[in-house]
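Student: In case you want the letters, here they are:
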Amino acid sequence: MPEFTLRTLADQLVNGLVIGNVYALIAIGLALIFGVANLINFAHGSVYMIGAYVGWVCVIWLGWPLGATFVVVALICATLGVLIERFGLRRLQNEARIAPLLATIGISFALDQLVQLIFSPNPQSFPNPLPAARIALGGVSIGALDLLIAAITAAIAVMLFIFLRFTRLGWALRATAQDREAAQQMGVDVDAINALTFAVAAVLGGIGGVMIGMYFTSVYPTMSYGAMLKGFAANLLGGLGSVPGAVVGGLALGLIETFGVALLGSTYRNLFTFIILIGVLVLRPTGLFGARRATPPEPLTGTFVANSRPVHIPRALVIGGLIAAILLPFFTSNPYLLQILTNAWLFSMLALSITLVTGTAGQMSLGQAGFLAIGGYASALLSMRLGLPLELSLLAGAVIAAALGTLLTWPVFRLRSQYVALATLGIGEVINQIILNWEGLTNGAMGLSNIPPLSFLGLPVIETAPIYWFALGILVVAALFQWRLMQSHLGRTWRAVREDDVAARAMGISLNRYKALAFIAGGLIAGLSGAFTAHMYSYINNETFAATTSILGLTMVILGGMGNMAGAVIGAIALTALPELFRPLADARYLIYGVVLLLLVRFRPQGLLGTV
Amino acid sequence: MALLEVRGLRREFGGVVAVDGIDLTVNPGETVSVIGPNGAGKTTLFNLITGLDKPDAGEVLLDGRPITGLPPEELAALGVARTFQHGRVFGNLSVLDNVLVGAHTRQAAHRLRTPVLGMVAELILALIQPPAWREERTRLRDEAREVLALFGDRLLPRAEQPAYSLSYANRRRTEIARALALRPRLLLLDEPTAGMNPTETAELLEFIRSLKQRGLTILLIEHKLSLVMQLSDRVIVMDDGRKIAEGAPQIVRDDPRVIEAYLGHPRRGWDARDAQVAGEDDLRVVLPQAHHP
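As given, the protein sequences belong to chains A and B, one line each in that order.
89 is the number that our numbering gives to position 89 of the first sequence; each next residue is one higher, with no gaps.
118 is the number that our numbering gives to position 118 of the second sequence; each next residue is one higher, with no gaps.
In case anyone wonders, no lab produced these hints; they're calculated from the structure.
Incorrect hints may appear among the rest.
Unchecked claim - From chain B, some residues computed to sit far from chain A (all C-beta separations above 10 Å):
{"no.": "1", "residue": "10"}
{"no.": "2", "residue": "66"}
{"no.": "3", "residue": "73"}
{"no.": "4", "residue": "122"}
{"no.": "5", "residue": "137"}
{"no.": "6", "residue": "156"}
{"no.": "7", "residue": "182"}
{"no.": "8", "residue": "240"}
{"no.": "9", "residue": "242"}
{"no.": "10", "residue": "246"}
To be verified - Not the full set, but computed from the structure, chain A residues with beta-carbon under 7 Å of chain B:
{"no.": "11", "residue": "310"}
{"no.": "12", "residue": "311"}
{"no.": "13", "residue": "312"}
{"no.": "14", "residue": "315"}
{"no.": "15", "residue": "318"}
{"no.": "16", "residue": "320"}
{"no.": "17", "residue": "492"}
{"no.": "18", "residue": "501"}
{"no.": "19", "residue": "505"}
{"no.": "20", "residue": "506"}
{"no.": "21", "residue": "509"}
{"no.": "22", "residue": "510"}
{"no.": "23", "residue": "512"}
For every residue, glycine included, the Cβ atom is placed at its ideal position computed from N, Cα and C.
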């Protein structure tokens, strides 16, 4: 443990407050949007990242002074915010809350990838343009940038306070946040207020991005995701939608993180965010300062299920498709095609598991990749350390993933609607962080290498075609397993929980039990897929099953149709194979995924084959 | 002994007392109606009895056994079924599946109650489908069709249609069918005829009467007074969270306190026929300025 003198303590305090200031800026933006549009805006992190890049271009490429840079960042980000609101979200205002949330995920995928395509995925150096001199103040050393960040945040907070409190527009904004319909009745143009809110939030986010870029002296495309989660955790800590709460929450998170890192090491940085995220959601969803609210009287549809009649797929077609898939290796000599389809089979299993949990049982899961990771690590470790034969270690991986994953998800069962999505996202990240930090077991960021390759009944499975058949085989087993459950009383009970949890309880259905059963069944399938992946690659690390994998799986499910098993497989094939087949698109795959998600949510929420 | 007994039930929402010391009993085979102006606390009372909400004070007994604060799923297992004021069918489930969900607590799976092992057993048995489970499945399906047949040809021809595609009245019927599939000992109906036209209302009245004749115990919230007068053995009148009158329908109807609650001033008497002259025997329609202090 590092030595803790009073001096380092004071320095950490300054560091924590400075970072906390930026978190507060992000959190204020999220709070404004949550207040006015009742929406958790996943694209906010992307706006922040784009703000950072714009600032970097202005300062480094164009050599502009900071003042002009901030003005340009504010203008560009405000425009971006308005565009997101107008073209991404306005039409989704009256949909289930999860619809705009998914749309913002799509937008963030697209924006992040766009920046990657323009500026490359590598970090760009952003040297601090301010004088490097530091002022010693009573034993604490403060840099010019620290002061600038504090001053800008304070100025913005004061301006925002004056705007909200003393201007007509600010009143209109607050009125809209309190009661949208009443505000509209009183003549407030709520659409304009919405756009204004997004603009203001985007300016705050963008400026925060520039400052963080200078503070850590680099900008990179993936900085968006973490920032959004931090802003959200800060906002949640202070009470969702509360602007003063966001400031306090941001500062608190900055301090917790800085001191936590000082105590435990920098790989723990993100863990605090996720623990706060889950802890507050589960224990005190109204935040530290929010009042306890009574339970909402009306049903909250937890998921995003459009009324539809699913397309009926005749059994002959399913069997015919399967036979074609089995025979394919005899007709192609292209190993690349088989590899892509092997991936598609493995993704199909992830999609099946998501469609069960999210589509059938209505629990929007953004953390399903956590099940893949547990399955992969469990199977790899069991075969490496205990010498378990592959068939057993695959099964054990699936069972451990189902048991451990469901246990970790248990606290989420008391949540509803969009909070389930956030909490599962957090749990997926916590699993990832545990893998990263539990080095004795998982070898940390180095990952596990030399994982025993696939084999079946003692015969090694290392050629492309046998691996393809093996993957197809376990997919068929998993699909039959799920199909059988869907035909039993469980399918009906899960769907009842999804449709109306209050009515389901009144009919004697224990929600916890059937949510757990859905996660167990889905976890078995996802765990099996993860275990297979580990042995197929013979190497995994904490990034093999990242959060983007969960969201990609969800996009596949929405593409195919929620709860629709055939849809899950078709969605998985489409989204895995298509970008590969059209090679020039491969670099832009997340751009495609994002746009697909956005368009689906807007124009075809029931997916290709319809909701089951 | 009373099947349902409620003693001194009280529920407050941030200073507003929605249910204020309500006592009521329902004897086996009785039909008891709860009436009162909008906002009198009737639905809150239902939510307290069925476990969707927890009372601040008072107790609820079923067969003399305290059930206060039990979660709704356990009350359902004890034979308490309800419908909801605004109708809550499972939209994307077929009509038949809706009714089968009503039979949830009667399935063999529901008897596997050991916390973790029961759950695992349920998963494995659902996968294997042992003969007893398959038999039960057929039996419950047949039974669900019988329940649907109680509504004549209203629901049976639509058994495989998703519930969202039904007419409003048919969705309300589906909800009642779902509650009946639970084989309830006590059925709570929250405004079953709300939004139904006079023909549909008359049809449902006959239906509830037939349930009553079969010995079902019913607690009913209803606004249509003629229906209440024809069905109820006893009527309880609520206003402002309190019980202001109770007794046989005719007696309650002429009670000056009841008239005052509805009209805001005493009047000689109130006749359901007055209401029918006005088009519909719904107090809210006839008396738009119901008294709300």
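Student: Can you name, in rising order, the numbers of the hints this structure does not satisfy?
Tutor: 3, 4, 5, 7, 11, 12, 13, 14, 15, 16, 18, 23
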